[in-house]
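Undergrad: Chains as they are written, first to last, in our numbering: chain A, 2 to 500; chain B, 35 to 361.
Bear in mind the hints are in silico, worked out from the structure with no lab data behind them.
It is possible that part of the hints are untrue.
Claimed, not checked - Calculated lysine-lysine pairs in the DSSO-like style (CA-CA distance at most 30 Å, straight line):
{"no.": "1", "chain 1": "A", "residue 1": "Lys143", "chain 2": "B", "residue 2": "Lys359"}
{"no.": "2", "chain 1": "B", "residue 1": "Lys258", "chain 2": "A", "residue 2": "Lys351"}
{"no.": "3", "chain 1": "A", "residue 1": "Lys351", "chain 2": "B", "residue 2": "Lys351"}
{"no.": "4", "chain 1": "B", "residue 1": "Lys256", "chain 2": "B", "residue 2": "Lys217"}
{"no.": "5", "chain 1": "B", "residue 1": "Lys224", "chain 2": "A", "residue 2": "Lys351"}
{"no.": "6", "chain 1": "B", "residue 1": "Lys256", "chain 2": "B", "residue 2": "Lys266"}
{"no.": "7", "chain 1": "B", "residue 1": "Lys266", "chain 2": "B", "residue 2": "Lys162"}
{"no.": "8", "chain 1": "A", "residue 1": "Lys143", "chain 2": "B", "residue 2": "Lys253"}
{"no.": "9", "chain 1": "A", "residue 1": "Lys351", "chain 2": "B", "residue 2": "Lys256"}
{"no.": "10", "chain 1": "B", "residue 1": "Lys187", "chain 2": "B", "residue 2": "Lys170"}
{"no.": "11", "chain 1": "A", "residue 1": "Lys143", "chain 2": "B", "residue 2": "Lys258"}
{"no.": "12", "chain 1": "B", "residue 1": "Lys266", "chain 2": "B", "residue 2": "Lys354"}
{"no.": "13", "chain 1": "B", "residue 1": "Lys187", "chain 2": "B", "residue 2": "Lys217"}
{"no.": "14", "chain 1": "A", "residue 1": "Lys143", "chain 2": "B", "residue 2": "Lys191"}
{"no.": "15", "chain 1": "B", "residue 1": "Lys351", "chain 2": "A", "residue 2": "Lys143"}
{"no.": "16", "chain 1": "B", "residue 1": "Lys213", "chain 2": "B", "residue 2": "Lys359"}
{"no.": "17", "chain 1": "B", "residue 1": "Lys217", "chain 2": "A", "residue 2": "Lys143"}
{"no.": "18", "chain 1": "B", "residue 1": "Lys170", "chain 2": "A", "residue 2": "Lys143"}
{"no.": "19", "chain 1": "B", "residue 1": "Lys253", "chain 2": "B", "residue 2": "Lys191"}
{"no.": "20", "chain 1": "B", "residue 1": "Lys354", "chain 2": "B", "residue 2": "Lys186"}
{"no.": "21", "chain 1": "B", "residue 1": "Lys92", "chain 2": "B", "residue 2": "Lys354"}
{"no.": "22", "chain 1": "B", "residue 1": "Lys170", "chain 2": "A", "residue 2": "Lys351"}
{"no.": "23", "chain 1": "A", "residue 1": "Lys351", "chain 2": "B", "residue 2": "Lys187"}
{"no.": "24", "chain 1": "A", "residue 1": "Lys143", "chain 2": "B", "residue 2": "Lys256"}
{"no.": "25", "chain 1": "B", "residue 1": "Lys258", "chain 2": "B", "residue 2": "Lys224"}
{"no.": "26", "chain 1": "B", "residue 1": "Lys324", "chain 2": "B", "residue 2": "Lys312"}
{"no.": "27", "chain 1": "B", "residue 1": "Lys312", "chain 2": "B", "residue 2": "Lys145"}
{"no.": "28", "chain 1": "B", "residue 1": "Lys315", "chain 2": "A", "residue 2": "Lys143"}
{"no.": "29", "chain 1": "A", "residue 1": "Lys289", "chain 2": "A", "residue 2": "Lys246"}
{"no.": "30", "chain 1": "B", "residue 1": "Lys266", "chain 2": "B", "residue 2": "Lys213"}
{"no.": "31", "chain 1": "B", "residue 1": "Lys253", "chain 2": "B", "residue 2": "Lys280"}
Claimed, not checked - Below, a sample of chain A positions facing chain B; criterion: calculated Cβ distance under 7 Å:
{"no.": "32", "residue": "Leu22"}
{"no.": "33", "residue": "Pro52"}
{"no.": "34", "residue": "Ile53"}
{"no.": "35", "residue": "Gly56"}
{"no.": "36", "residue": "Leu142"}
{"no.": "37", "residue": "Lys143"}
{"no.": "38", "residue": "Ala176"}
{"no.": "39", "residue": "Gly185"}
{"no.": "40", "residue": "Ile188"}
Even glycine gets a Cβ: it sits at the ideal position worked out from N, Cα and C.
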Amino acid sequence: MAGFLDNILLGFHISFSAINLLYCFTGVFIGTLIGVLPGIGPAGTISLLLPITFGINPVSAIIMLAGIYYGSQYGGSTTSILVNIPGESSSVVTCLDGYQMARQGRAGAALGIAAFGSFIAGTIGILILMFLAEPLSTVALKFGPPEYFSLMILAITILTYLAHGSMIKAIIMAAFGISLSQIGLDIVTGQTRFTFGIMDLEDGVGLIPLVMGLFGIGEVLVNLEESVDLEIFKEKIKGLLPNLKDWMDSIGAIIRGTFLGFFLGVLPGGGAIISSFVSYAMEKRISKHPEKFGKGVIEGVAGPEAANNSAIAGAFIPLFTLGIPSNAVMALLLGALMIHGLQPGPLLLKQRPEIFWGTVMSMYIGNVMLLILNLPLIGLWVKILKVPYRILFPLILFFCIVGSYSINNSTFDVFMMLIFGIVGYLFRKFNYEPAPLVLAFILGPMLENALRQSLLISGGDFSIFISRPISVTSLTIAFILLLTAIFWKKHRWVLARMK
Amino acid sequence: MYRIMKVLLRLSLMVNFLIPCFFVTNGSSQEPYPNRPISMVCWSTAGMMDTVTRVICKVAEKELGQPIIVENKPGAGGAIGKNYVLKSKPDGYTLGVTTTGTYLVIPHMRKLPFDVLTDVTDIIAVCKYNFGLTVKIDAPWNSFEDVIAYAKKNPGKFTYACAGVGVTQHICMERIAMKEGIKWTQVPFKSGGESVMACLGGHTDAVAQGSIDVLPHIKAGKLKMLLALDDKRWPDVPNVPHILEKGYDFYALSYISFYGPAGISEPIRQKLEDVFRKAMKNPSFIDVMKQFQVEAAYLSGKDYSNFWRSRYEEMGKVIKALGLKEG
Numbered sequence: 002m003a004g005f006l007d008n009i010l011l012g013f014h015i016s017f018s019a020i021n022l023l024y025c026f027t028g029v030f031i032g033t034l035i036g037v038l039p040g041i042g043p044a045g046t047i048s049l050l051l052p053i054t055f056g057i058n059p060v061s062a063i064i065m066l067a068g069i070y071y072g073s074q075y076g077g078s079t080t081s082i083l084v085n086i087p088g089e090s091s092s093v094v095t096c097l098d099g100y101q102m103a104r105q106g107r108a109g110a111a112l113g114i115a116a117f118g119s120f121i122a123g124t125i126g127i128l129i130l131m132f133l134a135e136p137l138s139t140v141a142l143k144f145g146p147p148e149y150f151s152l153m154i155l156a157i158t159i160l161t162y163l164a165h166g167s168m169i170k171a172i173i174m175a176a177f178g179i180s181l182s183q184i185g186l187d188i189v190t191g192q193t194r195f196t197f198g199i200m201d202l203e204d205g206v207g208l209i210p211l212v213m214g215l216f217g218i219g220e221v222l223v224n225l226e227e228s229v230d231l232e233i234f235k236e237k238i239k240g241l242l243p244n245l246k247d248w249m250d251s252i253g254a255i256i257r258g259t260f261l262g263f264f265l266g267v268l269p270g271g272g273a274i275i276s277s278f279v280s281y282a283m284e285k286r287i288s289k290h291p292e293k294f295g296k297g298v299i300e301g302v303a304g305p306e307a308a309n310n311s312a313i314a315g316a317f318i319p320l321f322t323l324g325i326p327s328n329a330v331m332a333l334l335l336g337a338l339m340i341h342g343l344q345p346g347p348l349l350l351k352q353r354p355e356i357f358w359g360t361v362m363s364m365y366i367g368n369v370m371l372l373i374l375n376l377p378l379i380g381l382w383v384k385i386l387k388v389p390y391r392i393l394f395p396l397i398l399f400f401c402i403v404g405s406y407s408i409n410n411s412t413f414d415v416f417m418m419l420i421f422g423i424v425g426y427l428f429r430k431f432n433y434e435p436a437p438l439v440l441a442f443i444l445g446p447m448l449e450n451a452l453r454q455s456l457l458i459s460g461g462d463f464s465i466f467i468s469r470p471i472s473v474t475s476l477t478i479a480f481i482l483l484l485t486a487i488f489w490k491k492h493r494w495v496l497a498r499m500k
Numbered sequence: 035m036y037r038i039m040k041v042l043l044r045l046s047l048m049v050n051f052l053i054p055c056f057f058v059t060n061g062s063s064q065e066p067y068p069n070r071p072i073s074m075v076c077w078s079t080a081g082m083m084d085t086v087t088r089v090i091c092k093v094a095e096k097e098l099g100q101p102i103i104v105e106n107k108p109g110a111g112g113a114i115g116k117n118y119v120l121k122s123k124p125d126g127y128t129l130g131v132t133t134t135g136t137y138l139v140i141p142h143m144r145k146l147p148f149d150v151l152t153d154v155t156d157i158i159a160v161c162k163y164n165f166g167l168t169v170k171i172d173a174p175w176n177s178f179e180d181v182i183a184y185a186k187k188n189p190g191k192f193t194y195a196c197a198g199v200g201v202t203q204h205i206c207m208e209r210i211a212m213k214e215g216i217k218w219t220q221v222p223f224k225s226g227g228e229s230v231m232a233c234l235g236g237h238t239d240a241v242a243q244g245s246i247d248v249l250p251h252i253k254a255g256k257l258k259m260l261l262a263l264d265d266k267r268w269p270d271v272p273n274v275p276h277i278l279e280k281g282y283d284f285y286a287l288s289y290i291s292f293y294g295p296a297g298i299s300e301p302i303r304q305k306l307e308d309v310f311r312k313a314m315k316n317p318s319f320i321d322v323m324k325q326f327q328v329e330a331a332y333l334s335g336k337d338y339s340n341f342w343r344s345r346y347e348e349m350g351k352v353i354k355a356l357g358l359k360e361g
């Protein structure tokens, strides 16, 4: 225990130095900025800023880069709520209820609960990181392809809860999402699928152009169909911060989202996006008023926003304990550590504890800075909603186009985004919801890869999925959830008939 | 009177600004190379190739007197970035960095919009990857022979994790299998990290990856390496033999190299080669190489070009035999 306290003190000592405070602030500031701007994300920004870190010491570099990463999760929800454009792919779910809240004049409450939820989740996440890093990394190692497969099956069953309209349409969307996800290179044979000879499609349809098109551009097109003079946000802005009722509704969602997000974040490939979707679905499932989801329910913002922030804390675990990055941003941090002469791996914690503890403690500081940064900005963001739509929508389009180009310096992505914008518009007109499509699009490849890798490992034997404890548990839970959903519906239908 | 003066003044100012425009040329024809920033296209966004490139370019740009801007254009296993460079003007201002796989493997796997045999100017090769076959520390195999014996008795059961299909280490492992007449199963993952985790977690029997991925775990005592897939032993793991010692006549070979489109004039190409060669001697580059546990390996443009061209046909046959050719 004494050693542990020593480490914490060491961490605080490092993170409170003036220079590291400055780096922390720079990181979270840049992070918030790129989180708000749709398109370029933390991965792209960090790779641009990597050369700057060459000259500074490793802890400061990691503090700044980590700040960019979790800062972006704070900023990402801003455009989701204001204009239905996900600033980050992990903020897609926030569009569902956050934007509706904005249309009802409650943008301030949505933005506020997103900021507070992120702060609480981030803080708790860091606590878990501090105490449970090693044991959790052992758990993460137990997740091989069969476990991933079963987890994805569980996630897909939850997918059905995302729909608030017709279930059939949601399933159609999910099927479409899975089909879209097939485009690209096959992981096992390396052959191209459905690319029609277009090289840019060999990596598949990009997620960011897809969501920016479906949600953002689609929304703009739908709004334009009505008069351009329309004031989209008719309602008077009702207060800038969440009120007591909002807090009481959200606190449960925040806590649940935190733990869910953290554990999903530890698994490589899991991460912030899936945690936000699963949190939303969970909140809807256990809510007393599920039919209100999709129309502006604050839990639908609080839970996912908490989940995506704690997922970031979780993602640091494989990096620091095993030296294995769980996503593209972590891979960049790994590269940054290496450039500074450090070898990430199981030995890093023992040989250079100050890297881990300095970073972890500065994450606390970063979270506080972000809260202080973001709260006053809410007033500013809310004013943007008052700008007449005829001025706002060209700006939205402009940012979307620049944003989608900035991901890969590719005009193909812009083109994709515009196509999906039209598709999103059509979906809206015919009442199809994009959320199940997006989740299926993300889960599809993971599911397929896990399935094929598992079968390669087992030599074609399907029993591998039920012979392993974690895998069989996930599948059982999925099965139970499916059964209860069917019986629930049947039960309610019977009850309704009886009345 | 004053109004005329004002107008004349304005006119003369405008003319003053316009005159220099007539003397602007497009630079490359009149002044020595380089006279404007150079763009270096890198097709991976994170990881060794990107880092190595940035380090070398940072040093090289001082020598050249012009900034070298590293642009990331990922996608299609490097084909998108390569296509962009090969279709650009061969004036020495658009360059690229790539690995041997994009010369020897991908062209045989699927149809590309460029032809590596005719469209490329090789400038210099700067370093090599090291690959190793590793298993968990408590695995029942203690030598490469143990693994081969096991695979002979249990065809298809031995699994090894690898980041990608058709990558250098995968091809090497399959060539071993072809030579020994055994069958083992490759399980592809999306990244080196995932591959190592699969092995550490006991989900696959082994992992065949580069030193950046496996060396930290070997040093931490979690993995043991059974065979180095290179032409020499690893300095940090001197007890493990390398593949040539075992009597094979091939090894997993992948260089990181700089290139440009065909048609770059020889003086410009030579100048770039000299500048990058000098950058390789810079301590910052050497430090990074040490960190990545990767060998700095210089090959002149001409030598590297001969090197991969001499292996092109043979690789084509190997890819076909492995069933990786599309169509």
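Undergrad: Against each hint, give a clear statement of whether it holds in the structure.
TA: Structure-based check of all given hints:
A hinted pair counts as satisfied when its Cα atoms are at most 30 Å apart, and Lys143/A with Lys359/B does not qualify at roughly 35 Å. Straight-line distance between C-alpha atoms of Lys258/B and Lys351/A comes to about 20 Å, which keeps the hinted pair within the 30 Å bound. Among the hinted pairs, Lys351/A with Lys351/B is inconsistent with the structure: their alpha-carbon atoms are about 48 Å apart, more than 30 Å. Using a Cα cut-off of 30 Å, the hinted pair Lys256/B and Lys217/B holds, with the two alpha carbons roughly 26 Å apart.
The suggested pairing of Lys224/B with Lys351/A holds, with an alpha-carbon distance near 29 Å, which does not exceed 30 Å. At roughly 23 Å between alpha-carbon atoms, Lys256/B and Lys266/B fall within 30 Å of each other, so this suggested pair holds. With a C-alpha separation of about 12 Å, the suggested pairing of Lys266/B with Lys162/B holds against the 30 Å cut-off. Our distance criterion of 30 Å between C-alpha atoms is met by Lys143/A and Lys253/B, whose separation comes to about 22 Å.
For the given pair, Lys351/A sits about 15 Å from Lys256/B by alpha-carbon distance, which is consistent with the 30 Å threshold. Between Lys187/B and Lys170/B the CA atoms are separated by roughly 20 Å; this keeps the pair inside 30 Å, and the hint holds. Pair hint Lys143/A plus Lys258/B holds up; C-alpha atoms about 19 Å apart against a cutoff of 30 Å. Restraint check for Lys266/B and Lys354/B: satisfied, since their Cα atoms lie roughly 28 Å apart, inside the 30 Å limit.
In summary, the hint linking Lys187/B to Lys217/B is supported, as the alpha carbons are separated by about 10 Å, within the 30 Å threshold. Of the pairs offered as hints, the one joining Lys143/A and Lys191/B holds, with about 20 Å between alpha carbons and a cut-off of 30 Å not exceeded. Between Lys351/B and Lys143/A the CA atoms are separated by roughly 39 Å; this puts the pair beyond 30 Å, and the hint is violated. Taking the CA atoms of Lys213/B and Lys359/B, the gap is near 20 Å; set against the 30 Å cutoff, the hint holds.
This hinted pair checks out: Lys217/B and Lys143/A have alpha carbons roughly 27 Å apart, not beyond 30 Å. Between the alpha carbons of Lys170/B and Lys143/A the distance comes to roughly 14 Å, so the proposed pair stays at or under 30 Å and holds. As the CA atoms of Lys253/B and Lys191/B are separated by approximately 28 Å, the hinted pair is consistent with the 30 Å bound. Taken as a hint, the Lys354/B and Lys186/B pair is honoured in the structure, with Cα atoms around 23 Å apart against an allowance of 30 Å.
Pair hint Lys92/B plus Lys354/B does not hold up; C-alpha atoms about 40 Å apart against a cutoff of 30 Å. Taking the CA atoms of Lys170/B and Lys351/A, the gap is about 21 Å. The hint holds against a cut of 30 Å. The suggested pairing of Lys351/A with Lys187/B is violated, with an alpha-carbon distance near 41 Å, which exceeds 30 Å. Taking the CA atoms of Lys143/A and Lys256/B, the gap is about 15 Å. The hint holds against a cut of 30 Å.
Distance restraint check for Lys258/B and Lys224/B: the Cα-Cα separation of roughly 22 Å lies within the 30 Å cut-off, and the hinted pair is therefore satisfied. Proposed proximity of Lys324/B and Lys312/B is supported: the alpha carbons are some 18 Å apart, at most 30 Å. Of the pairs offered as hints, the one joining Lys312/B and Lys145/B is violated, with about 37 Å between alpha carbons and a cut-off of 30 Å exceeded. Distance check on the hinted pair: Lys315/B and Lys143/A sit about 44 Å apart at the alpha-carbon level, beyond 30 Å; violated.
Among the hinted pairs, Lys289/A with Lys246/A is consistent with the structure: their alpha-carbon atoms are about 15 Å apart, no more than 30 Å. With a C-alpha separation of about 20 Å, the suggested pairing of Lys266/B with Lys213/B holds against the 30 Å cut-off. Between Lys253/B and Lys280/B the alpha-carbon distance is near 24 Å, which keeps this suggested pair within the 30 Å criterion. With its C-beta approaching chain B no nearer than about 27 Å, Leu22/A sits outside the 7 Å limit, and its interface hint is violated.
Hint on Pro52/A holds. Least Cβ distance to chain B is approximately 6 Å, under the 7 Å limit. Against a cut-off of 7 Å between C-beta atoms, the interface hint on Ile53/A is violated, since the closest Cβ of chain B lies about 11 Å away. Nearest Cβ of chain B to the Cβ of Gly56/A: about 10 Å, over the 7 Å cut. The hint is violated. Because the smallest distance between the Cβ of Leu142/A and any Cβ of chain B comes to about 4 Å, under 7 Å, the interface hint for this residue holds.
Contact between Lys143/A and chain B, as hinted, is supported at the beta carbon level, the nearest pair being about 6 Å apart and thus within 7 Å. Hint on Ala176/A is violated. Least Cβ distance to chain B is approximately 24 Å, over the 7 Å limit. Contact between Gly185/A and chain B, as hinted, is not supported at the beta carbon level, the nearest pair being about 9 Å apart and thus beyond 7 Å. Below 7 Å, beta-carbon pairs count as interface contacts, and Ile188/A has one with chain B at about 5 Å; its hint therefore holds.
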